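Chemist: What follows is the residue order along each chain.
Number of protein chains: 2
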Amino acid sequence: MNSDPSPSPFSFDIQARCGNARAGIFHTPHGDLLTPIFAPVGTQATVKAITPAQLHEVGASLVLANTYHLYLRPGDELVAQLGGLHSFMSWPHPMLTDSGGYQVFSLADTRKIDEDGVTFKSHIDGSTHRLTPEKSIAIQQNLGADIIMAFDECAPPYDRSYNERAMARTHAWAERCLRAKTRSDQALFGIVQGGVFPDLRQASAEFIASLGFPGHAIGGLSVGETKPEMHAMLEVVNSLLPEDKPRYLMGVGTPEGLVNGVLRGIDIFDCVLPTRLARHNTAVTRLGKLNLVNAAYRQDESPIQPGCACYTCQNFSRAYLRHLVVAKEMLAATLLTVHNLYTLLELMRDLRQSILAGCVEDFATQFFAQKRVTS
Amino acid sequence: MNSDPSPSPFSFDIQARCGNARAGIFHTPHGDLLTPIFAPVGTQATVKAITPAQLHEVGASLVLANTYHLYLRPGDELVAQLGGLHSFMSWPHPMLTDSGGYQVFSLADTRKIDEDGVTFKSHIDGSTHRLTPEKSIAIQQNLGADIIMAFDECAPPYDRSYNERAMARTHAWAERCLRAKTRSDQALFGIVQGGVFPDLRQASAEFIASLGFPGHAIGGLSVGETKPEMHAMLEVVNSLLPEDKPRYLMGVGTPEGLVNGVLRGIDIFDCVLPTRLARHNTAVTRLGKLNLVNAAYRQDESPIQPGCACYTCQNFSRAYLRHLVVAKEMLAATLLTVHNLYTLLELMRDLRQSILAGCVEDFATQFFAQKRVTS
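Quick note, the sequences are listed as chains A and B, same order. Take the first sequence: its position 314, counting from 1, is numbered 361 in our numbering, and each next residue is one higher. Take the second sequence: its position 133, counting from 1, is numbered 180 in our numbering, and each next residue is one higher.
So here's chain A without its partners, still in its complex pose (with noise of 0.2 Å):
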């Protein structure tokens, strides 16, 4: 095991276990994270519709952004030049930034992958470009996020051929990826891939956890597979990643997915789905989802749920969000992205205390009970 030759300000301190569930507090230069925890996505360097103060008032402490977004536009070189992303997008917080490669490998027809990696054509206006391990660390270092990610390859779920070409792919990339990062002021995880075969998984987990990363993440999920195959492949992983290091299960944002990532180990999860439905007109609650265009709400004095302390149910009625919804208004945008993460950080931090107090199994069979009961 190889480990970060340079002084690390990242450190993992696990407080609480309850069954394979974890409390702890992940230690980086822009202040303490305390998991399990859920990253709101702010792609463009803004979380959609919602202003940095805003977004702390929900609590999040973790934003992600997108390599692939912001070396495109606004350029990376340029990010840096403006003191990073915290400063331009003014985030004193944690931050994270993916590595890019989900995102270009998303460009079906415009890409074309090789050993040392991947030729794709922008979305914005069609001019070439080219990923590599080292591009993606360059990229990720100018735009200076806490964490950082390797430049993985995440393939179609159940194509066998192609998971073990992409896993291999992935873990010569993790090396390569370690080997090109110099800042010491972030932490580079590395990512597990395999699709849904435990074989696979069990093999790309021993292998990315020998690299001797400070966290690990498991990609390749949330995107096609179901949800028992999801929880096996969590558990095959976290049965081998080490213990002592935070386990980041990318892509995954509903209530139900949170609480079944905890239950199996997950420390850092983050989804584009609560801000994504926020502006597709849809409130989140732990008991299912709420769309606002609903002519059944025309009338309907109550907040979107009843006892959450969130500014929009603080403040606004159903009917009041049914009206911006139908006129178009943007603050509905607004106003449910408030919601939304605010659920999913509420959630979080409400898994963590029943961590820290031994009772996370009660929590999840409460919490699956009432949405069954309602559902």
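A couple of the hints might just be wrong.
Copies of the same chain are indistinguishable here, so a pair counts whether it falls within one copy or spans any two.
Cut-off 30 Å, straight-line C-alpha distance, at most; resulting in silico cross-link-like pairs (DSBU-like, lysine-lysine) [unchecked claim]: (1) Lys375 to Lys95; (2) Lys336 to Lys375; (3) Lys95 to Lys336; (4) Lys375 to Lys182; (5) Lys168 to Lys375; (6) Lys159 to Lys375.
These are computed hints drawn from the structure, not numbers from a lab. These numbers were taken from a predicted model, which means no experiment stands behind them.
Add chain B to chain A, keeping to what the hints say.
Modeler: Showing chain B alone in chain A's frame:
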């Protein structure tokens, strides 16, 4: 002179005069308005792109909403059922509604005017509706703003015979509005019309003043006439309107327009300009406008206006705002709305202070001199 038959919770105290400018306090059921004052516009029961909390934070105290829009959607009866506008949109401070007249008369092709009122087609679904003075007051009573407006007709500024007819109708309708009003917790303002014709403005000011309204508005300005013409009309009208009642200039919201209006005795202004410009990538400052899409701002680390204390200028560079604009992020509209409203509201506070200090003429001289130097 008649007087409002019911006991009124409204009163206007003038604290200081400086030339024709006045600093006062207009007491309303939802709080005191420190005049001169600028009212941001919340057409559909939301000041576009910001929350009421942000609106309060930039220093707004009076918000205007549009009767035409809210009558059509979500409907004034629904708003009344939900507790009125203040409660509906969560703005516990003073509010003002217009009469709906200006919007209806703007529907040039789909409205028909007679002596009793106006028949028009909805811009939303083409359905036919009718507004009369009595109907406008009934809607405004359902909406429940503190200040409501008489139903008037705004004619093109240079058409004398149209202005004569529109003025006669406006006067007849003002009397009908006074008779129709039943709520004692709303102040009904009369509106002076008369285009750019001093004799018509004089006749209108004298007639409207004779009806005993608790406040007066000057309509039909900022609709295509020149600035000297507007100033001449303000001087004619304000020399005739009672000194001891607030005067409201409708539709003016440039920094220079506010200064010029205050110097001529105006106490209240409203305008969509600062919020509309914000949604078109444009920042307002006392010295002029900045279009943030301009490539010159690409690497510009300075705030929109150095020294500005607004949330936007305290936290974000022009380079970041330009990025948001180019990337079509909603946050651009929010941050520019915050800045633009703050700029106008701070200017109003400074104008008020300079009236209280007896030096508004010096303030205005300096304001226009600085503007000339930089433009």
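Chemist: Are the hints correct? Go through all of them and say.
Modeler: A quick look at each hint next to the structure:
1. When the C-alpha separation of lysine 375 and lysine 95 is checked against a cutoff of 30 Å, the pair qualifies both within a copy, at 16 Å, and between copies, at 10 Å.
2. Taking the closest pair of Cα atoms, lysine 336 and lysine 375 come within 30 Å of each other both inside a single copy (20 Å) and across two copies (27 Å).
3. Taking the shortest alpha-carbon separations for lysine 95 and lysine 336, both the intra-copy value of 20 Å and the inter-copy value of 26 Å come in at or below 30 Å.
4. Taking the shortest Cα distances, lysine 375 and lysine 182 sit within 30 Å of each other only across copies (27 Å), while inside one copy they are farther apart (41 Å).
5. For the identical chains of this complex, lysine 168 and lysine 375 are inter-copy neighbours only, at 20 Å across copies versus 33 Å inside a copy, given an alpha-carbon limit of 30 Å.
6. In this assembly of identical chains, lysine 159 and lysine 375 lie within 30 Å of each other by CA distance solely across copies; the values are 28 Å between and 40 Å within a copy.
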